[in-house]
Amino acid sequence: MNCLERMPLQQKRLLAAITLLISSLLVLPAKAQEPPTLFEEPLSPRIANYNIDVQLNTDTKVLTAQELLVWHNQTQSVVYELQFHLYMNGFRNTESTFMQGTGNPRRSQRIKDKGWGFIEIDRLVVGYPSDIQNLPQTLFPDSALNAMQPAADLTAGMTFIQPDDGNKEDKSILRVPLPKPLRPGEKVMVYLDFRTKLPEPSFMRTGAKKEYFMVAQWFPKMGVHINGEWNTHQFHSRTNFFSDFGVYNVRMTVPEENLVGATGLQVSVSKNGDGTATHFYHAEDVLDFAWTTSPDFVEVTGKSQDVDIRMLMQPDHLDSQDRMLESTKLAVQYFQDWYGDYPYPNVTVVDQRRGAESTGGMEYPTLFTTSTSYGLPKGVRIPEMINTHEFGHSYWYHMLASNEFEEAWLDEGINTYTDMQIMPAAYGKEANTIDVAGIKIGQTTMARAQYLSLPDADPLIKSSWKFYSGRSYGINSYARPGLVLTTLQNYLGWDTMLKVIRTYVERWRFKHPRSRDFFDIINEVAGQNLDWFFEQAFYTNAILDYTVSDIFSRPVKKPKGYDYTLSTTQEDSVVTNDENTVEEAADTDTPSAEGEEKLYFSGVNIRRLGEFEFPVEVELIFDDGEIVRENWDGQALWTKFRYTKPVRLVSATVDPDYKIPLDANLTNNSRVVKKQTLGINKLAVRWMFWQQFVLDQPDFANLLFRIGEVLN
Amino acid sequence: MWTNKRMVFIFFATNFMFGLLLMLPGRAALSGFASQTLMGQKLAGRFSFDFLFDFIRENGTIIDVYAVLFMIVPAVYWLFGLFLSGGAFAMFNSGEKFSAGDFWWNCGKYFGRFARLLLLSLPVFGVLLLLQFVWVGLERLFWGSDPYQYITYWGAWVKFGLRTISILLFGLVLDYSRIYTVIADEKRMRISLWRGIRCAFTNLGQTFGLALTLFLAGVVVLAFYNPIADSLSAPNGFVIFTLFLAQQLYMFWRMMLRLTLYSSQMHLYQRITDGVTLSTAARSDDVGLEGTPA
Chain G
1 MNCLERMPLQ QKRLLAAITL LISSLLVLPA KAQEPPTLFE EPLSPRIANY
51 NIDVQLNTDT KVLTAQELLV WHNQTQSVVY ELQFHLYMNG FRNTESTFMQ
101 GTGNPRRSQR IKDKGWGFIE IDRLVVGYPS DIQNLPQTLF PDSALNAMQP
151 AADLTAGMTF IQPDDGNKED KSILRVPLPK PLRPGEKVMV YLDFRTKLPE
201 PSFMRTGAKK EYFMVAQWFP KMGVHINGEW NTHQFHSRTN FFSDFGVYNV
251 RMTVPEENLV GATGLQVSVS KNGDGTATHF YHAEDVLDFA WTTSPDFVEV
301 TGKSQDVDIR MLMQPDHLDS QDRMLESTKL AVQYFQDWYG DYPYPNVTVV
351 DQRRGAESTG GMEYPTLFTT STSYGLPKGV RIPEMINTHE FGHSYWYHML
401 ASNEFEEAWL DEGINTYTDM QIMPAAYGKE ANTIDVAGIK IGQTTMARAQ
451 YLSLPDADPL IKSSWKFYSG RSYGINSYAR PGLVLTTLQN YLGWDTMLKV
501 IRTYVERWRF KHPRSRDFFD IINEVAGQNL DWFFEQAFYT NAILDYTVSD
551 IFSRPVKKPK GYDYTLSTTQ EDSVVTNDEN TVEEAADTDT PSAEGEEKLY
601 FSGVNIRRLG EFEFPVEVEL IFDDGEIVRE NWDGQALWTK FRYTKPVRLV
651 SATVDPDYKI PLDANLTNNS RVVKKQTLGI NKLAVRWMFW QQFVLDQPDF
701 ANLLFRIGEV LN
Chain L
713 MWTNKRMVFI FFATNFMFGL LLMLPGRAAL SGFASQTLMG QKLAGRFSFD
763 FLFDFIRENG TIIDVYAVLF MIVPAVYWLF GLFLSGGAFA MFNSGEKFSA
813 GDFWWNCGKY FGRFARLLLL SLPVFGVLLL LQFVWVGLER LFWGSDPYQY
863 ITYWGAWVKF GLRTISILLF GLVLDYSRIY TVIADEKRMR ISLWRGIRCA
913 FTNLGQTFGL ALTLFLAGVV VLAFYNPIAD SLSAPNGFVI FTLFLAQQLY
963 MFWRMMLRLT LYSSQMHLYQ RITDGVTLST AARSDDVGLE GTPA
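Just so you know, the protein sequences line up as chains G and L, in that order.
Residue numbering for the first sequence follows the working numbering, starting at 1 and increasing by one per position.
Residue numbering for the second sequence follows the working numbering, starting at 713 and increasing by one per position.
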């Protein structure tokens, strides 16, 4: 018999009651979990800080949310109004500025009846609590209104403005006049009740497809007040985004079975007992918050250096998980090793769902979406390219928070440049992007192909919506700056360019750099004024194209006349732009005497076909193997090189080391004295064979069609 | 087949000339663009896509030229092939030694009929192509309208296979229709078409098996040819000439294969029908057909 059995009944009852009381105390609801502090010292100014509660209705695709924004006026100006981006209103109807600018289906999707989106603010309250400095960071909207007093309900005073194009139907910018001016250094609290309808199927990076939700640009986001005014552009079809840094605490309520991925770190997940669960995420020093949810995600984790990687894969893409993880790891490694520290502890990679391809290939703070497809050959490194590029946006766009509306190249272009460095380093110099069935294509070649399709429609720096066309925007934001910066790198040297980029990252991280800031760093680090280069490359549509226009090598014949002698020394080389040179005097028609050394008068003419002036090297090869290199500043329209030697000139090449990928025509960079047709004949022979084959076996076109399907 | 080598040469020469026709404009453009540059030599080694993009940008008109050529030349080639097949089938039917006069006479004799047969058979081709959509229906039935990508991926290969079979079946129908036309000297092409369909499908195992065997033989040899061609990339004239020779030998072999197929199909048809397709008395389902002796 144990002690309990020996205990009198009354004592047993008392013990039970005490036990029950203690137990009930232990299971009392815990205090709302406080998020960890990620950075003891803020990395950024933390101007716009958001606490948001959002509930997702998976049937209607509507988010119902409450937002508490604490905005800190860190400018030197008094602010009289607030301006918000309501990006989702770009998909509201056909009359929005965004939709007016598309014309054609965007990202292969066309909005159907249920596919429109919007964001609707039901209530907006502004408050100036006296103890605003002491309010808890995790004050959520549900308890905020009391803390906001004195407060003013400004719902009726909201208006939409259209500073870019005056389109009254566009509702992508909201203006709210403040009841009292906000002086420099002061903070204001803004409480919003809003609803967001997500487009279905997804459209332009956001929306829903059945059970999959990619939720981006979904909340009223404060614009940027800079240089004494609001810099808040409408949502155009060709623009990205611009915002300030801050701290985000977001609680997302979704079906219980769903996985959630979001900006920042997960703090907690609590089941609500009604089939839903609330996921709490916290992020510091970020300028946006995006999230995704689906019950079908398969989680794959990894780590690269000090960064945790969490991939949310689609179940039918698991054949790609290794290459997706490996490419993300490599991206983290190269960016940290080469360009600077990625300060966040983690990154989330979201694999787009089939039928929601418009959500793939997009960047958000500590999260990016990627794209792959089942059965994609390993040699088609599109997922690797996307992962490298989208992770790169953690630097260019996020930490270096440039204005994507006005200077898209500063994030997309620099990112393309870093792609063009990392992809060859990670996957090989020549075939780093496509390496299948004998087809080998690298990043630089792909950038050139894009660039050459429309090289001169616009200058590189231009507001995104003002480019000649979507293609011109793409070329001048991505490919052309990638080629420009690679050309500059080859001019300055790898080490100098690396130092430039590292300095740029160190000096401008968590700020809003502009193009001139980047150029100033280049000038500073390079120790020379390169404004001549920036002016041509960034502010004009000048094309760079040097060619060897003429080449000759003919025997020198014995001269006639008085007092003329020939020499074979280097001094006889003549570099001139003057028509009256010694070449005419050397080129006579008297045959040389037998026994005398035969001499050849050789020359090349180099022309600058484009407006872009750039120093070039010229390499001349003689038939005894001698190689001569000349330098030309490339400023005049042409130059000539002349030689008298006992050997013939065989060929001449401008930019023999391929340092100028920006050159619009690499084939005309060389010229030979004697026609070279060997390669042409080989191509012709192979081309002819395939024509013969397909003529005899036309059903081969069926196979080509299938291969096209796989690669598409 | 070697006893009819002149016929093989005719088919090969046709293929060669049309291939040349499609090659020459491209070569001329390439030569004009690159023969005076180092690229003219470098292209003998590995192909440069930078060069390709330069070429396309600077020679946009060649794309237009080839767009027209690709519409016209294959159509003319296939019609000419149809023309030549009349002579070939007639030679195989007669069993006599090749005679140029007989060959060309029969080419002319049957070309009009074969052209009409081709037009009549296009709806059959359309119907056969619908075969691939059987898979589409099955996919919908079992996996709905939103299947996982591995379903659609492998399903696309199934569709590819079904399309290939459809094309082979169409070839069979056309071949046996032509064979019947020649054997029966049939002038009504709807009768020939019907006969061709009947022969092809009622003896599917034999007819399809024969065609598939020869189709696969071509594919297998191509699989051997490709690595050989890729290995012949040393930049010198002898290697390129060797490559050219290897290619043309392969194409010559393909022409022999094609004529072997025609000959085999002719003999198969004759064996299947025991030669009894020709007399009116032997056919109970044809109306008003004037037969020719077997």
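Simulated from the structure, these hints should not be mistaken for lab results.
Predicted model only: the values in this text are computed from it and were never measured.
For every residue, glycine included, the Cβ atom is placed at its ideal position computed from N, Cα and C.
Accuracy of the hints is not assured; some may be wrong.
Listed next, with one range per pair, are the computed distances between beta-carbon atoms [what the hints assert, rightly or not]:
#, chain 1, residue 1, chain 2, residue 2, range
1, L, VAL932, G, LYS659, 42 to 50 angstroms
2, L, VAL932, G, ASP657, 29 to 37 angstroms
3, L, PRO835, G, THR94, 49 to 57 angstroms
4, G, ASN167, L, LEU934, 31 to 39 angstroms
5, G, PRO315, L, ASN948, 51 to 59 angstroms
Derived DSS-like pairs: lysine-lysine, alpha-carbon spacing no greater than 25 angstroms straight-line [to be verified]:
#, chain 1, residue 1, chain 2, residue 2
6, G, LYS429, G, LYS558
7, G, LYS329, G, LYS440
8, G, LYS168, G, LYS187
9, L, LYS809, G, LYS440
10, G, LYS659, L, LYS754
11, L, LYS754, G, LYS675
12, G, LYS429, L, LYS717
13, G, LYS499, G, LYS511
14, G, LYS674, L, LYS754
15, G, LYS674, G, LYS429
Structure-based check of all given hints:
1. L/VAL932 - G/LYS659: 42 to 50 angstroms: At roughly 47 angstroms between Cβ atoms, G/LYS659 and L/VAL932 fall inside 42 to 50 angstroms, so the hint holds.
2. L/VAL932 - G/ASP657: 29 to 37 angstroms: 45 angstroms, violated
3. L/PRO835 - G/THR94: 49 to 57 angstroms: 42 angstroms Cβ-Cβ, so the 49 to 57 angstroms window is violated.
4. G/ASN167 - L/LEU934: 31 to 39 angstroms: This hint is violated: roughly 58 angstroms between Cβ atoms.
5. G/PRO315 - L/ASN948: 51 to 59 angstroms: 53 angstroms, holds
6. G/LYS429 - G/LYS558: With a Cα-Cα distance of about 51 angstroms, the restraint between G/LYS429 and G/LYS558 is violated, given a limit of 25 angstroms.
7. G/LYS329 - G/LYS440: With Cα atoms ~24 angstroms apart, G/LYS329 and G/LYS440 stay inside 25 angstroms; holds.
8. G/LYS168 - G/LYS187: 31 angstroms, violated
9. L/LYS809 - G/LYS440: Given that 25 angstroms is the threshold and the Cα spacing comes to 51 angstroms, the pair is violated.
10. G/LYS659 - L/LYS754: 18 angstroms, holds
11. L/LYS754 - G/LYS675: 12 angstroms, holds
12. G/LYS429 - L/LYS717: Not OK: G/LYS429 and L/LYS717 at ~50 angstroms, beyond 25 angstroms, violated.
13. G/LYS499 - G/LYS511: 19 angstroms, holds
14. G/LYS674 - L/LYS754: 14 angstroms, holds
15. G/LYS674 - G/LYS429: 31 angstroms, violated
This entry does not satisfy hints 2, 3, 4, 6, 8, 9, 12 and 15, going by the numbered hints stated previously.
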